[in-house]
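Engineer: Residue-level listing of the chains:
There are 4 protein chains.
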Amino acid sequence: MSWNTFGRVLRFTTWGESHGPAIGAIVDGCPPGIALAEGDLQPFLDARKPGQNKFTTQRKEADEVRILSGVFEGKTTGTPISLLIENTDQRSKDYSEIANTYRPGHADYAYDAKYGFRDYRGGGRSSARETAMRVAAGAVARKVIPEVKIIAYVAEIGGDRIDPANFDAAEIGRNPFWCPDAAAAKRWEALVDETRKAGSSLGAVVECVATGVPAGWGAPIYAKLDSDLAAGMMSINAAKGVEIGDGFEAARLTGEQNADAMSPGENGPEFAANHAGGIAGGISTGQPVVCRVAFKPTSSILTPVASIDRQGEATQVRTKGRHDPCVGIRGTPVVEAMVALVLADHKLLHRGQTGR
Amino acid sequence: MSWNTFGRVLRFTTWGESHGPAIGAIVDGCPPGIALAEGDLQPFLDARKPGQNKFTTQRKEADEVRILSGVFEGKTTGTPISLLIENTDQRSKDYSEIANTYRPGHADYAYDAKYGFRDYRGGGRSSARETAMRVAAGAVARKVIPEVKIIAYVAEIGGDRIDPANFDAAEIGRNPFWCPDAAAAKRWEALVDETRKAGSSLGAVVECVATGVPAGWGAPIYAKLDSDLAAGMMSINAAKGVEIGDGFEAARLTGEQNADAMSPGENGPEFAANHAGGIAGGISTGQPVVCRVAFKPTSSILTPVASIDRQGEATQVRTKGRHDPCVGIRGTPVVEAMVALVLADHKLLHRGQTGR
Amino acid sequence: MSWNTFGRVLRFTTWGESHGPAIGAIVDGCPPGIALAEGDLQPFLDARKPGQNKFTTQRKEADEVRILSGVFEGKTTGTPISLLIENTDQRSKDYSEIANTYRPGHADYAYDAKYGFRDYRGGGRSSARETAMRVAAGAVARKVIPEVKIIAYVAEIGGDRIDPANFDAAEIGRNPFWCPDAAAAKRWEALVDETRKAGSSLGAVVECVATGVPAGWGAPIYAKLDSDLAAGMMSINAAKGVEIGDGFEAARLTGEQNADAMSPGENGPEFAANHAGGIAGGISTGQPVVCRVAFKPTSSILTPVASIDRQGEATQVRTKGRHDPCVGIRGTPVVEAMVALVLADHKLLHRGQTGR
Amino acid sequence: MSWNTFGRVLRFTTWGESHGPAIGAIVDGCPPGIALAEGDLQPFLDARKPGQNKFTTQRKEADEVRILSGVFEGKTTGTPISLLIENTDQRSKDYSEIANTYRPGHADYAYDAKYGFRDYRGGGRSSARETAMRVAAGAVARKVIPEVKIIAYVAEIGGDRIDPANFDAAEIGRNPFWCPDAAAAKRWEALVDETRKAGSSLGAVVECVATGVPAGWGAPIYAKLDSDLAAGMMSINAAKGVEIGDGFEAARLTGEQNADAMSPGENGPEFAANHAGGIAGGISTGQPVVCRVAFKPTSSILTPVASIDRQGEATQVRTKGRHDPCVGIRGTPVVEAMVALVLADHKLLHRGQTGR
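Chains as they are written, first to last, in the working numbering: chain G, 49 to 404; chain D, 49 to 404; chain U, 49 to 404; chain F, 49 to 404.
To be clear, the hints were calculated from the coordinates, so they are not data collected in a lab.
Since this is a predicted model, take the numbers as computed values, not measurements.
Incorrect hints may appear among the rest.
[Stated by the list, open to error] DEER-style ranges, computed between Cβ atoms:
| id | chain 1 | residue 1 | chain 2 | residue 2 | range |
| --- | --- | --- | --- | --- | --- |
| 1 | F | E121 | D | G122 | 45 to 53 Å |
| 2 | D | D208 | G | F215 | 27 to 35 Å |
| 3 | U | T259 | G | S311 | 49 to 57 Å |
| 4 | U | T259 | F | K245 | 38 to 46 Å |
| 5 | U | N315 | G | P91 | 39 to 47 Å |
| 6 | G | S311 | U | G313 | 49 to 57 Å |
| 7 | D | K197 | G | G122 | 54 to 62 Å |
Backbone N, C-alpha and C fix where the C-beta goes; we use that ideal spot for every residue, glycine too.
The task is simple: from the sequences and hints, build the whole structure.
Structural biologist: In structure tokens, the structure reads:
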């Protein structure tokens, strides 16, 4: 079945295929009275291309978003906010081959098995193009949680990790990898370049930290904050794993090593560590919320891969020409957006039930 | 806020605190005409204690589940199925200390921050006792998907992994660890025993494989099968990470290594590998659905950990007496149950929209 | 399909068949910290038998409700509240006839057409027995909206209407009809008695007024307050019509006659009239919320009615022995409960999005 | 709060204000493989102006709908269908007066009380303009239920009723009132004209009949078919009452009069009458589904009505110039659309749980 709405109180619905006339999103449940204009969203869309300063005016390649409803005299009315981006890049390609072939690792075969047929152009609805709308909707969500600051960055490419000791937030916007470690960024430049020339691809791990989240957000038992974060991030194209706090590393620690000891503090407890990643029992503790997403390497590589066509006959699939050797990098602003959407939703959920 | 319903078409709601009179669950949306009786559920509850044969008659320690509605003349009526387990083990403990203290790593502080106060006895609603109802509800879900076989097992304890070459499904029920590798089970016996004597605790990784899932289940974009699996598993107590297929390892493979090449087969394509874990684009491909959950080590250890009390004053918390050194093991039947519930839900979702 | 949950933030789920061991409800999303005990709910269940003082101690015939979760030290914890009533009245009747016959006007045929078979004893899930749980859940909801006062009464039986000029709220609890007009109650006594002796049945109209509802509750466009009220009331057994304010009479007024003119007041506007029934554009205006439900006459009458059996053969159905000649009367506490549940839900919805 | 999605499996979300750049709707959950093009929707939008043949090419005044996603090669893909209508009629009016005044009977005051401020131009989100999207979405829904035929018509204006004996379906499209009784249409012409000249307004009652609905649709207990129909219709602007079958008249019948006797038939039972309006126990019986909506007279009349302004000061409101004396008439295509949407949703719900 098709289910294109995410969220419980602050709900957003996306629509649009890669090669349709446009893509869009509706954000419903946004509180009224919040200042909102295209200028609040566009920078995040511009930043989808790594390496560019968020406030650049060079927008030719970026998608231009329009707000078609839900805002009046510069402020949200509380009614649904419709966002739309026109698909201006309508390249007329010869799709006859792709139409009849299932690319391994992509959703082609699965979509056909489910629906009976699919819009095969550029991946149709399964294309990563849809994530542009998540970024736009995420920008709206950030306005609902101005007290929260969210930063995502690439922590690992092809098994090569950043060194936490070299962490510099300002570095994130200065290289094409959203990498907070200048030395790692340099290594990655060579690695990715090498991979591109070889016609191969690499996976990546994106980490996201949200600070300023107060204690108390999250709705046990089946709308736990970590549960909703996991769902949001696993829904991103190419995502194969999700962690909160120490994640799989926590499974390798002892109880003593994993403890987040508490001591008295001015505004709530002071924590000696944050192995939990800011969430305990599915509810935020006031510590930074830390999560991580693993992205697999794209299957669109120059090396031929055995596959089948729609008639079930053996064939081979290979990408021609220029390809993106590490799609996971582009997941970074999408991860930020999903975290923003989940946190904003939970702020409203919490307020609804407790009045706080 | 409180949100205790999981699922979209096949929906289950749990209720009950650790020290209340009972715990229960409602399963709503179950198709009519399915044979169902307590005997279909009880073995799964009995099996929550590892090492026991599922069909044992020694049920004294296990919880006895009753079906109070939704079944008539031995078959489901299509109306809500109410399950109830009485809390017979009402130990009168002295809770004054726990009432006033926040145990680090548990949900105590977070619940108080959210709700203003909490039922502190045995963890109240945050207790793992709730998972008994998931296991019972999961047993109902299995009846909806008789074509699917689900097996979960512990793949790793305290960093010590099973060897896939030694995998023997029959071994799973023969040791106290749901371990499919006899050699690993032996090592773990020593490791866990050692840890218990030291008053410490270990984490674990549980893996689950579902075979017989046809291609086509999953509802893009925000009810993707992997998304809902991630949510379901992250909602389990102590879960800190979730993987589908190769998970975080996929992020360290190249495109060539990660490819699941396809070739013609009799019933749909043959796959050369299953790095994707049976899900592509959020929809099942017909391959085994493989997922993994990381459980952190329990914070209930004999070593004192610094914490604060309800007045914000410094204090120390330590567990007294006998403790469970590896709670992650007990997550195994719960993981199976959540996978069953998600798959059954998706079978009905898919049928609703496509008629298939 | 089966869908047994009502509400969006304050959600309740009912379960249980007429002749199963018990019936119950889960109320999820209730704010924490509200004083709640069986004594808050029992009077409303006792009052399901009209004519009895709400605080009577003669409870033998009434159902005894137990709170099994969600309350600690006398206050709601914010976790799900499980309510249960045991079906103690297990009369062993000979159901062979009913099992094989479809009673016209009841849900028998429709349930079989939908599910393939049904629990036919006493109407199974379609029985009005389920409404006891609505009344219990409604009592919980009232605690969420202490600022609101809700009164329902029978306004019409068999076409005979109350005279608004004779309205006396105190009269409602003094006669077996929840009638606020003593003269009408007298007429109805004769009318209903007459109907019972004739083996026939009558319909009824129940009116409900909620005062103290502030302006602003309701969520356009598809969770309008009047929309949710209509859904809640139409879901009651035997309901065939719903009105807000003047309802169908409004369709017969002119714009001048229907106007609710406003003038300055101390706490918001003063209204010259309330044709709108307290709701405009789907949002409460601060005026009393007025709604009305039409209940059809029961089909369980002594007069034989032509019908068919499960094999499709012609047969006749007639009720034997004592029957209830006006089931609509019993809808009165159920209408109050549904109004309470909808209003409480909307209070939380409104607070969630606007913070007010 | 804002809640702009309707439906459970086939869900549609509308957006857009009266004087924003556009209005739109997303239809999600539509089965794949259904032929769909603008030509399937446009006639229903054209028909919003009564008196015009559905297949007219004179579309200047009607809104032109575009399908922006969810359709490929002429068939639905199963992904969300985005519909958009541009607001071309951007009259620059002087809104200063309306901005500061609350029109009685409209949603103005209620929206301000809820959100703190509102888009006052032409009613903003509360405007009937939104119903154009319901009509478009309803046209999509009809494609999901080709077996069902839905006809709505005005049954009463200002208390003057049609005569069922004069019922002629073909007459509906021949007069400006969607009236199936030629004699009534004549009377209404005079009545409405008179009312317009007097600067007054009238209410109306719209009736809708759906034939071809099989037995079994509807999801007890809280997604009963009549419940969802009531919610859908009560959500239409100016709706004040909803009836199923005999509605309030049923409350005035005896059990004998209201009985829908059954006898053996070829395809399921034959019914002697249809007082129930095709729904029993919340599930369709196979009989025509009959429902009715009461629309109040518009408050936009030439007669001044006392009101208050935003500062709480006394003022008067009167509509200037041309006004619509009976807005209820325009509810007719909207009622059809909501009935189509509810029935299509229930077809999929039923199929999801029962496989039928």
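Engineer: Now tell me, hint by hint, if it's right for this structure.
Structural biologist: Going down the list of hints, with the structure as the test:
Between E121 of chain F and G122 of chain D the Cβ separation comes to about 48 Å, which falls inside the hinted range of 45 to 53 Å. Checking the proposed 27 to 35 Å range against D208 of chain D and F215 of chain G shows it holds: the Cβ atoms sit about 31 Å from each other. A hinted range of 49 to 57 Å for the beta carbons of T259 of chain U and S311 of chain G is consistent with their spacing of about 51 Å. Roughly 40 Å separates the CB atoms of T259 of chain U and K245 of chain F, a value that falls within the hinted 38 to 46 Å.
At roughly 44 Å, the beta carbons of N315 of chain U and P91 of chain G sit within the given window of 39 to 47 Å. Distance hint for S311 of chain G and G313 of chain U: a CB-CB separation of about 54 Å, consistent with the stated range 49 to 57 Å. Under the hint 54 to 62 Å, the C-beta atoms of K197 of chain D and G122 of chain G, about 58 Å apart, fit the expected range.
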